[in-house]
Every structure is written in structure tokens, then in C-alpha cells.
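Visitor: Given next are the chains, with one letter for each unit.
Protein chains: 2
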Amino acid sequence: MASPSALTSQSDDFPRWYQDVVAKAEMADNGPVRGTMVIRPYGYALWERIQAEMDARIKVAGAQNAYFPLFIPQSYFAREAEHVEGFSPELAVVTYAGGEELAEPVVVRPTSETVIGEFMAKWIQSYRDLPLLLNQWANVVRWELRPRLFLRSSEFLWQEGHTAHDSYEDAAAYAMRIHLEVYYDFLANVMAVPAYVGIKSPRERFAGAINSLTCEGMMRDGKALQMSTSHELGQNFARAFNIVYQNESGQSELCHTTSWGASTRLVGGLIMAHGDDRGLIVPPRLAPIQAVIIAVRDEPEVLEACASIDARLRDGGVSTALDRGRGSFGRRVTDWEIKGVPLRIEVGPRDLAGGVVTMVRRDDGSKHVVALDRLATTCQGLLEEQQRALFNVALARRDDATTDVTSVDEAIEAAQTGFARMAWDQIGELGEARLNEVAVSVRCIQRADGTTPVSPDEPDLVAIVAKSY
Amino acid sequence: MASPSALTSQSDDFPRWYQDVVAKAEMADNGPVRGTMVIRPYGYALWERIQAEMDARIKVAGAQNAYFPLFIPQSYFAREAEHVEGFSPELAVVTYAGGEELAEPVVVRPTSETVIGEFMAKWIQSYRDLPLLLNQWANVVRWELRPRLFLRSSEFLWQEGHTAHDSYEDAAAYAMRIHLEVYYDFLANVMAVPAYVGIKSPRERFAGAINSLTCEGMMRDGKALQMSTSHELGQNFARAFNIVYQNESGQSELCHTTSWGASTRLVGGLIMAHGDDRGLIVPPRLAPIQAVIIAVRDEPEVLEACASIDARLRDGGVSTALDRGRGSFGRRVTDWEIKGVPLRIEVGPRDLAGGVVTMVRRDDGSKHVVALDRLATTCQGLLEEQQRALFNVALARRDDATTDVTSVDEAIEAAQTGFARMAWDQIGELGEARLNEVAVSVRCIQRADGTTPVSPDEPDLVAIVAKSY
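Residue numbers (our numbering), protein chains in the order written: chain A, 331 to 799; chain B, 331 to 799.
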């Protein structure tokens with residue numbers, strides 16, 4: 331029996347459990363410069379899967395990828411006053427390049443909002459150029475004094491979408507489309523995270539936005555993690571960067587813009603949304619390795635059977651890894667469990683003699699003795715079941731840990747172990763300030779049926795309240 | 331008939347033709363900070379295709395992707411003296427971050443060699459950890475005083491592979507494998523560029539390398555462009571970064587390392603290797619859009635036919651774009667030609683009445699009247715023919731423009747319009763210095779049969795000599 335003793339348990343010390351998983355699953359290391367991060371191959375493979383799934387959805391939504399420069403003139407940050415306030419203490423500034431001091435310092439992008447605004451203004455002439463739908467995959471820098479791998483790092487990887495439209499309605503509808511068809515859909519159907527969706531309160535809104543849509547996941551310690559945001563920027567950015575178009579009657583009008591992003595934070599969210607005391611649990615649809623074929627012993631006939639099983643599963647569209655049976659079996663099992671590989675296929679001489687192998691699910695540890703001639707279909711079936719089970723278990727856990735409350739005091743109490751749900755109009759500005767004093771916040775505001783409203787002024791809205799990362 | 335008048339002709343002014351193509355095909359713009367580049371959606375789509383094809387080959391070669399930090403402590407650049415000399419005037423340095431001056435300035439990576447060396451030293455313990463095969467897709471910064479979009483920019487995108495091995499032989503074999511199976515194969519079979527392969531002369535070698543393998547493409551102005559390099563670093567980097575392993579007898583030994591890279595420069599190479607006076611020519615296997623379906627007129631039955639053709643081609647695995655027939659037909663044809671889309675499918679009412687459409691190849695302008703029921707197979711056939719033709723035409727052009735010479739003077743003369751080939755041992759150090767005085771250089775040294783030698787000391791080697799970008 332494998333021992334999970336390598337990891338701190340979640341109930342003992344959740345932050346330390348997190349650190350242990352990141353280290354022992356070989357996902358990331360701290361970089362040499364404060365707050366930076368080295369993403370190791372297994373962590374990066376997870377990010378590549380996240381990227382691939384999100385990128386496909388972004389393309390279906392009609393946005394095109396482009397790439398804007400890392401360096402932005404410092405003067406750009408003075409143009410959009412509200413925006414710059416949100417970022418200035420976090421900026422890293424290059425003052426020296428090409429062997430001399432620069433006449434104007436350049437900022438390492440904390441986001442590309444400003445430079446993209448500048449180029450949208452250049453590229454957009456008439457209503458025929460709209461909507462302009464751009465997305466960028468890039469690194470950004472926001473100096474962090476209290477870094478945590480994946481969750482808060484001075485440099486992180488993300489995608490940032492930026493779009494320009496000819497009407498408020500079109501911009502709002504597009505932000506909602508990205509929110510639901512890219513982010514919510516990816517989270518629910520690939521990452522198996524049943525996020526609460528909604529809009530940010532005016533206090534929590536992105537600087538410069540007129541409305542911010544958010545997906546909030548519940549972590550296993552009962553805290554919230556913001557998984558994605560989609561902002562309606564109204565005409566604020568268009569005004570600051572002079573993004574205008576000629577309408578059909580030849581008059582000049584300001585565009586309506588949006589921006590939306592998700593980052594390597596999602597890797598941290600993946601760890602904390604599903605992981606257990608044995609390590610990471612990766613949903614099959616996201617897993618870079620869906621099944622690991624483990625030779626119980628390093629013997630020729632076992633290895634031969636493993637290679638043949640591997641080939642058959644790959645042909646069946648399963649991503650596999652092969653463990654060639656060197657070293658302790660228990661230790662190897664523990665290592666694959668820490669990495670959260672969905673299915674472990676144990677291949678030993680006794681099983682082989684009986685024409686079977688044993689498949690073990692990572693989520694519930696259930697063992698399945700499978701005839702060799704039903705390998706591929708059983709494997710795919712178990713992966714699909716596990717995908718559904720992870721979502722359902724996370725949904726039940728989320729709902730169990732969400733308490734309906736009627737006062738701010740009750741909300742604060744509920745937020746010590748989970749989420750609180752409360753009528754939005756009963757919280758008010760004062761209530762929100764009281765929550766914030768004790769490090770609790772309104773994560774999102776939603777309709778009573780759990781859908782995303784178009785504005786915080788709709789009637790009968792509820793607020794989801796929690797502590798957060 | 332479409333007029334290519336929008337572009338400067340290659341024979342009039344090649345550099346200006348290049349600039350025109352980059353601008354008119356909407357590939358890139360200059361960024362606001364000197365030397366930086368905005369890669370527009372069409373340029374980025376080409377880079378995404380390059381990435382996808384190279385990444386697949388890199389993974390087949392067993393390397394794993396990872397991500398290392400953008401910021402590197404300045405002190406790291408003092409460790410490998412030869413290496414730092416190659417870069418210091420090009421460095422951009424962050425001196426101010428998080429609202430205050432930094433105690434130690436940090437360098438924006440010009441390459442990740444040093445930080446990857448540091449972490450290899452940490453991760454490698456024993457011979458069982460070798461080979462360690464890493465690759466990274468990232469942006470890097472080398473300050474450019476004379477920037478040119480895609481060819482030389484202060485920030486560019488690239489992949490950099492870094493590997494550690496337990497013997498010289500294994501490291502050299504891996505560098506050769508990447509050189510041939512990743513770079514040469516991609517260039518020949520996807521980008522349709524018949525690169526000259528070989529090794530760099532000691533004078534042209536990468537600082538710190540003991541051997542550098544290179545792929546050199548011929549551009550349409552007869553100059554060379556270095557498309558990729560793969561370096562054997564011997565034990566130099568391992569010594570500088572203390573990358574050691576315990577061998578099977580328990581003794582500590584230095585690793586042998588390699589590094590290899592290719593960048594967004596390849597997009598510039600694509601333009602200049604195939605482009606003509608009508609614009610870009612993209613080989614079908616690389617093209618983000620392989621066929622554009624052009625409605626000759628904006629009429630319901632034409633658009634309906636276009637949509638149905640589009641659906642059938644997509645089902646047949648062809649990447650398509652739909653041109654809905656607004657504005658001048660000639661102008662639209664010119665625009666698609668500038669973008670280099672391999673196949674243009676013209677759909678007009680007269681053709682439709684006859685049950686046919688007209689397909690036009692971008693490379694030779696040949697027109698093919700195709701029955702609607704043979705659409706998908708003909709389209710695929712024409713794409714495959716064009717892929718082969720582009721390679722063969724480029725190969726013939728390369729061979730025609732390569733002159734066998736027997737003196738340095740002749741080599742200099744031949745290099746004014748193309749490449750020279752000359753016995754390597756007849757050039758010598760003095761000859762190479764004379765070439766360099768007139769901006770001509772030894773691009774690579776190869777065997778007489780055109781294959782890559784393992785060292786410049788092999789007998790009977792020939793040098794490929796040219797002007798270069």
C-alpha cells in the first residue's frame with residue numbers, strides 16, 4: 331500500500347500542503363529573482379493543456395491571436411488615470427538598455443491594455459473594421475512582495491483579450507459570451523470546477539471598467555479563487571486612447587471596448603480545487619497524462635505487455651506514460667498519485683497470466699480488474715466517469731459549503747469555513763466595508779438562479795461572499 | 331486582372347519590397363518603444379503554425395517544454411565570461427520595481443542559458459537524471475539599434491532548447507538530431523526552404539560553444555538567412571554553472587550540454603525565401619489559410635454556393651477563408667495575393683451555372699476549372715503540387731545561384747548576387763578575415779555531399795560563402 335506520508339495533510343496546514351504538492355509533483359520552483367517562478371515540465375504541460383482548451387474556445391468566439399511588445403513607454407501609463415492607479419506600485423521599469431541610460435524609461439507590461447488601445451486606434455477606421463477581436467498569450471509582470479507559486483508571482487503567463495465594438499450592447503454581449511463560452515465552459519467541462527458566475531460589486535470592479543464578469547471557484551479550504559474576469563470598459567479606454575470609428579452616416583464615434591483574461595493562477599486553482607492528501611487530482615480531459623501503465627516488476631514479459639498496452643491505448647486516443655518498473659512499486663505509485671494522473675494501470679505477471687490488468691482511479695481509489703481484450707473501451711469509460719464524478723463531487727462540496735445567510739455577521743461567520751450567500755441589497759456599501767475589514771469580500775453578485783446579471787442594479791440579486799486568494 | 335502595383339518590385343528595391351509586404355499583408359507594425367514589434371493577427375497566425383510544427387518535432391525528439399523567468403540577476407552574467415561578452419551591449423536592465431530602486435538590478439533575458447544552467451545544476455543528481463531535455467517558448471530582449479521587423483527586433487519570440495548529457499557523444503548526437511529532425515525537416519518539408527546545412531567556422535561560432543550547427547536559407551536577393559542554430563557547448567556551461575552528476579561508479583562528473591533555437595526571424599525568412607512582386611507566397615503546409623473562397627459578386631446564390639464549398643473543404647481538412655464579395659473583385663484578389671494564400675477559388679454566377687469553379691494557384695498563377703463534384707480532392711491535389719513545386723523551385727534557384735569558386739576574390743564576386751562554394755581549407759583564417767571586411771561571411775561548412783560534418787577538421791570540407799541578414 332502506498333503511503334502519502336510525503337505530503338503535509340490538508341487539515342493540518344493547507345498552505346503547506348499546497349507548497350508540498352507544487353514541489354513534490356515537480357510543478358514549479360521559485361526563480362532567482364524575488365517573486366519569479368520556474369515552471370517545470372509537469373506544471374507547464376498542465377498549462378499547455380489549459381492554453382490549448384481555452385485557445386480553441388477563444389478562436390470559436392472569433393478572436394484572433396496577436397502579439398504586442400513587452401516594453402511600454404512610461405508616458406502611456408499617465409493616459410488612463412484610473413487604470414494607472416491600479417498598477418503603478420507593481421511596475422518594473424527598465425532604465426538602462428543598449429549600453430546607456432534610456433531617455434524615457436520603459437515599463438515591463440503589467441497588462442497590454444494601453445499599447446493595444448494605441449494600435450486599435452490606428453487600425454480602426456470605419457464601422458466595417460468592427461468588431462475588432464484580439465487576444466494575446468504573453469508574460470506580464472506585477473511586482474509581488476508576498477509571492478506564492480502560481481497564485482501570486484511577479485511574472486505570470488496569461489491570455490488577455492481586447493475587443494472594440496460599435497455599440498454598448500455588442501460589447502456587453504461579447505464580454506458575456508467570453509465569460510460563459512470560454513471561461514465557464516472550460517472550467518466546468520474540462521477543469522471540472524463548478525464556478526460561481528456573476529459580476530463584481532462596484533467596489534471590487536477592475537479599475538476603469540463599467541462592469542466586470544467573474545468566475546469564482548471554491549478551493550478545498552473553503553476559500554474562493556477568481557479564475558477569470560471579463561470586463562466591459564464602456565467608452566473609457568476608447569476615450570483615453572482615441573479609439574474612434576466612422577459610423578454608416580460618416581460621423582466619428584467612440585468605440586466600446588472589452589478586456590478579459592485568465593492566467594497561470596488556474597494551475598494553482600486546479601491544485602486546490604481537486605487535490606487531496608495524496609496530492610494533485612487532474613481531471614481526465616485536462617490531464618497531459620491520462621493513464622500511467624505501471625510495470626509491477628522490471629521483467630521482460632511484463633515490459634512487453636506494458637508496451638503493447640501503451641500502444642493500444644494511444645491508438646485509442648488516450649495520453650499515456652510508461653513506468654518501466656525500476657525501484658519500489660509503492661514509491662512509484664505514490665509519485666504518480668502526487669502528480670494526480672487519473673488512471674493507474676498496474677501490470678504484473680500474475681494478472682497477465684489471468685489475462686487481466688488492474689486499473690485504479692485516482693479520485694476514489696477504486697480498483698477495476700479489466701480483461702486485456704476490453705482495455706481501451708474500459709479505460710475510456712473510466713476516464714469519462716472520473717471526469718463527471720470530479721465535477722459532481724466538487725459541485726456537492728461547493729453547495730454543502732455555501733450557507734444562505736441574512737446578515738453580514740452570519741456571512742462573516744460562514745466565510746470562515748466556506749461561502750455565504752446573501753441578498754445583495756441587504757449588504758450595501760457599509761456591509762461590504764465591514765466584510766473587507768475582516769478579509770472577507772463579495773466574490774460575485776448573481777441572480778437567484780445562479781446566472782450572471784447584466785448589472786448590479788437588477789432586482790433580487792444575491793451576493794456570494796467568501797475569503798479569497 | 332489584379333494589379334500588384336501596391337508593392338515596390340523586388341528588383342527595384344528589395345528591402346523596401348520587404349517592408350511593403352510586411353505592412354500590406356498586415357503582418358507587423360513597429361512598436362512604440364524603439365526596435366519592438368507588434369505582430370498582427372496574420373503574422374502571428376504564421377508564427378503559430380511555425381510553432382505548432384516545430385513543437386511537435388521537438389516533442390518527438392523527447393524534449394519537454396518548461397518556462398523560466400524573464401528576469402535574471404545581473405550577477406549571473408558574470409559567470410560565463412565568453413557568453414557575457416557576446417551579450418552585454420544588448421542587455422535591457424530593470425533597476426526600479428515595486429516602487430523602489432532594486433538592490434541588485436535584474437536583466438531582461440537575452441536568452442535563458444544562465445538561469446536554465448542554474449536549475450539544471452539543482453535538478454540533476456545522478457546519471458539516471460540524464461539526458462535532461464528541456465525546451466522553452468518565450469520572448470527575449472536584445473537591444474537593437476538598427477531594427478527590422480521580424481529580422482532584427484529588440485524583443486523577439488523564439489524557442490530555446492537546453493539539454494544535459496552524460497557524454498560528449500550523446501550531446502553531439504542530440505544536437506545533430508535537433509539540427510536535422512527538427513530544423514532541417516521543418517524547413518524542407520513544411521516551409522519549403524532547401525536550407526544549406528553545416529557547421530559554423532570557429533570564427534562564426536556561438537560564444538562558448540565548441541561546435542555550432544546551422545541551417546542557412548537563400549533569400550530571393552541572393553543573401554543568406556540563418557534559420558536555426560544548434561550548439562554543442564561541451565562542458566563549458568556545465569563548468570560555469572556546476573552542472574554535475576554522479577556516474578554509475580558514484581563519481582562526480584561534469585555534464586555535456588547543448589542549446590538550440592529558432593525565432594520569429596523565420597517569418598522574415600518565409601517572406602524573403604518565396605515572396606514575389608505580388609507579395610508573400612505561403613507554402614500550403616504552413617499556411618493558416620490554405621484556400622480562400624472568393625464570391626465574385628455579393629449575390630445570394632453565389633454566397634450560398636461559397637458557404638457550401640467552404641463547408642466541404644473544411645470537412646476535407648483544408649483551412650479556408652471566405653471572401654463575401656464586397657468591394658472591387660480585382661482589389662480583393664490583390665489583397666489575397668499579397669497575403670500569399672496558396673489557392674484562390676473564384677465562385678461566380680456564370681461558373682456556377684456550368685457546375686464549375688476556378689482555382690488559381692498563388693505560386694505560378696495557373697488557373698484550373700474544376701467541377702463542383704471534384705472540389706475537395708482537386709483542392710488537396712493542387713495544394714500538394716504547390717508544396718512540392720515551391721520546394722523544387724527554391725532548390726533550383728538556390729543551386730543556380732550557388733557558384734563553385736577557387737579563390738577568395740571569386741567568392742566575394744559571387745556573393746554579390748548569390749552564394750559561393752569553395753574548399754574550406756583554401757579559405758583559411760586570412761581568407762575569412764578578407765571576406766568579413768567586405769561584409770561577406772562563411773555561412774556554413776559542409777561535406778562535399780552537402781551533409782553536416784561533426785567538426786571543421788574533417789578532410790575535404792566545403793564552405794558556403796554569402797552576404798547575410
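Fair warning: there could be bad hints in the mix.
Note: identical chains are not told apart, hence a pair may lie in one copy or across any two.
Listed below are the simulated DSS-like cross-link pairs for lysine-lysine, each with C-alpha atoms no more than 30 Å apart in a straight line [what the hints assert, rightly or not]:
(1) K389 <-> K354
(2) K389 <-> K697
(3) K553 <-> K452
(4) K452 <-> K389
(5) K697 <-> K452
(6) K354 <-> K452
(7) K354 <-> K553
Hints in this document: simulated from the structure, not taken from any laboratory.
Visitor: All hints, please: hold or fail.
Guide: Hints, one by one, checked against the model:
Proximity of K389 and K354 under a CA criterion of 30 Å is satisfied inter-copy only: 24 Å between copies versus 35 Å inside one chain copy. For the identical chains of this complex, K389 and K697 are neighbours neither inside a copy (40 Å) nor across copies (32 Å), given an alpha-carbon limit of 30 Å. With identical chains, the CA atoms of K553 and K452 are never at most 30 Å apart, being 43 Å at best within one copy and 34 Å at best between copies. Proximity of K452 and K389 under a CA criterion of 30 Å is satisfied intra-copy only: 23 Å inside one chain copy versus 39 Å between copies.
Taking the shortest alpha-carbon separations for K697 and K452, neither the intra-copy value of 61 Å nor the inter-copy value of 37 Å comes in at or below 30 Å. Taking identical chains as interchangeable, the C-alpha atoms of K354 and K452 lie at most 30 Å apart only when they sit on different chains, with a minimum of 14 Å there against 49 Å within one chain. Proximity of K354 to K553 under the C-alpha cut-off of 30 Å is restricted to the intra-copy arrangement: shortest distance 23 Å within a copy versus 51 Å between copies.
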